[in-house]
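Kindly generate the complete structure, drawing on both the sequences and the hints.
Protein chains in written order, with the numbering used here: chain A, 2 to 246; chain B, 2 to 166.
Note that these hints are calculated values from the structure, not bench results.
Each hint should be verified, as a subset may be incorrect.
Only pairs whose alpha carbons sit at most 25 Å apart, straight line, appear in this in silico DMTMM-like list of lysine to aspartate or glutamate [to be verified]:
{"#": "1", "chain 1": "B", "residue 1": "Lys156", "chain 2": "A", "residue 2": "Glu217"}
{"#": "2", "chain 1": "B", "residue 1": "Lys77", "chain 2": "B", "residue 2": "Asp33"}
{"#": "3", "chain 1": "B", "residue 1": "Lys68", "chain 2": "A", "residue 2": "Glu170"}
{"#": "4", "chain 1": "B", "residue 1": "Lys77", "chain 2": "A", "residue 2": "Asp165"}
{"#": "5", "chain 1": "A", "residue 1": "Lys92", "chain 2": "A", "residue 2": "Asp54"}
{"#": "6", "chain 1": "B", "residue 1": "Lys160", "chain 2": "A", "residue 2": "Glu170"}
{"#": "7", "chain 1": "A", "residue 1": "Lys137", "chain 2": "A", "residue 2": "Glu217"}
{"#": "8", "chain 1": "B", "residue 1": "Lys79", "chain 2": "B", "residue 2": "Asp58"}
{"#": "9", "chain 1": "B", "residue 1": "Lys79", "chain 2": "B", "residue 2": "Glu135"}
{"#": "10", "chain 1": "A", "residue 1": "Lys138", "chain 2": "A", "residue 2": "Asp54"}
{"#": "11", "chain 1": "B", "residue 1": "Lys156", "chain 2": "A", "residue 2": "Asp165"}
{"#": "12", "chain 1": "B", "residue 1": "Lys160", "chain 2": "B", "residue 2": "Glu135"}
{"#": "13", "chain 1": "B", "residue 1": "Lys77", "chain 2": "B", "residue 2": "Glu166"}
{"#": "14", "chain 1": "A", "residue 1": "Lys135", "chain 2": "A", "residue 2": "Glu47"}
{"#": "15", "chain 1": "B", "residue 1": "Lys68", "chain 2": "A", "residue 2": "Asp165"}
{"#": "16", "chain 1": "B", "residue 1": "Lys156", "chain 2": "A", "residue 2": "Asp232"}
One letter stands for each residue in the lines below.
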Amino acid sequence: MAKKILSFIFLLSSLALLALPAAAQQPTLNDKQVKQTVEKGKQLLEQQKKVDDTPLFCGVYLSADVFGFVYPFFTSNGFFNNEFAVTINLKNRFQPVVEAGYGRCNTTSELYHIRYATAAPYYRIGMDYNFQYKNKKPSYIIGGARLGYSNSRYEVEAPALVDDVFGTEAPFHLVDMPCRAIWAEAVVGVRVQMWKNLHLCWSIRYKRNISINTSENGNPWFVPGFGAYGDEAVGANYSISYYFH
Amino acid sequence: MKRPITLLLSAVATLVVIVAVSLVLKGCGGVDCTINNTVTATLNFYSLSGVPVAYTDTLTVTVVGAKGDSVVLNRKTKATGFTFPLGYTSECDTFVLHYRGGWTDSLFLWHENHPYFISLDCGTAMFHTLTRAECTHTFLHQAVIAEPEINYDGKENIKLHFFAE
Chain A
2 MAKKILSFIF LLSSLALLAL PAAAQQPTLN DKQVKQTVEK GKQLLEQQKK
52 VDDTPLFCGV YLSADVFGFV YPFFTSNGFF NNEFAVTINL KNRFQPVVEA
102 GYGRCNTTSE LYHIRYATAA PYYRIGMDYN FQYKNKKPSY IIGGARLGYS
152 NSRYEVEAPA LVDDVFGTEA PFHLVDMPCR AIWAEAVVGV RVQMWKNLHL
202 CWSIRYKRNI SINTSENGNP WFVPGFGAYG DEAVGANYSI SYYFH
Chain B
2 MKRPITLLLS AVATLVVIVA VSLVLKGCGG VDCTINNTVT ATLNFYSLSG
52 VPVAYTDTLT VTVVGAKGDS VVLNRKTKAT GFTFPLGYTS ECDTFVLHYR
102 GGWTDSLFLW HENHPYFISL DCGTAMFHTL TRAECTHTFL HQAVIAEPEI
152 NYDGKENIKL HFFAE
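Spelled out as structure tokens, the structure:
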């Protein structure tokens, strides 16, 4: 009998020892939490994978501004800018852009019969930001900034200045007046896909004069790329783009 | 049937164009020009010690070589100074101060002339830079250039010092 009891105790002890490692492991509730955490991690990894799927180089927009052709019909200023732009689409989000154009003005005021003429190329460099890059749609809203530069010369021809006191006349003809300009621009616009790789882009631009040189004979009236001379100016672009990707 | 995003972008684009055109057109207006394009120099009277004074007796100032009206200041009493135009083509202008009793002083001003383009809307003007100022010494002690640039700023250009305090 005693032998049987000892055998039973030994069996129970063995079972208890075998069960100890299993008791040391996590309970069933923690397993669920681990599973949930693993699932969340997988989802995050998938989302991360989706973002990373966007290549660094997505394509290039080649654009031609047509607002410069339309602008003279709205005003009688007699000046306009025509420009082209190359925009690189990085990550469908950051879009470095280089713009080059040609500004011209040859106008005569009806009031004072003053003729003002200038023509020069201008350049801008900057970047746009696609506010809707997560949507991965070909149409989106952009915002950006530019730094502009132009180096031009202008001519002013006006009727002679009449000195009423001394009865003399001083001819008025300014030739080859230098105008070197640097300005900054803030851009807000919309790029819309029209058909396949053909896009239209509307934008308005607030321009701030950083440095436009003047002379003892006056200020320039029109600055290629900037517009009418002043501390600030507002411009607009309406361009047609082809997207290479 | 266009997608909502396309419709939204089209609406924003139309708004952008409307705002742009209105801003551009607005920016072309609002011309602020001076009423008279004639630029004048400003001269004020000072005592020997440099205190601003008024000439209490009657004073007349004329410009030498004028084709039209040569009077700059006509029988003014208690004058503290006067403004006057300079010649557009001359290098030196002479002004005569006529005091009571037939006494006179002459003021000689040498200057450079700069045809100045204001804008297409406001026209042109002649600006000057004073290079030298001299005077005779009947009642005047000296003429000093305070601000050589003569333009629309309206700054005092010449200080005319009398012997009297």
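Evaluation of the provided hints:
no.	hint	verdict
1	Lys156(B) / Glu217(A)	17 Å, holds
2	Lys77(B) / Asp33(B)	33 Å, violated
3	Lys68(B) / Glu170(A)	12 Å, holds
4	Lys77(B) / Asp165(A)	23 Å, holds
5	Lys92(A) / Asp54(A)	9 Å, holds
6	Lys160(B) / Glu170(A)	29 Å, violated
7	Lys137(A) / Glu217(A)	54 Å, violated
8	Lys79(B) / Asp58(B)	6 Å, holds
9	Lys79(B) / Glu135(B)	23 Å, holds
10	Lys138(A) / Asp54(A)	15 Å, holds
11	Lys156(B) / Asp165(A)	23 Å, holds
12	Lys160(B) / Glu135(B)	11 Å, holds
13	Lys77(B) / Glu166(B)	20 Å, holds
14	Lys135(A) / Glu47(A)	15 Å, holds
15	Lys68(B) / Asp165(A)	8 Å, holds
16	Lys156(B) / Asp232(A)	23 Å, holds
Violated hints for the displayed structure, listed by number in ascending order: 2, 6 and 7.
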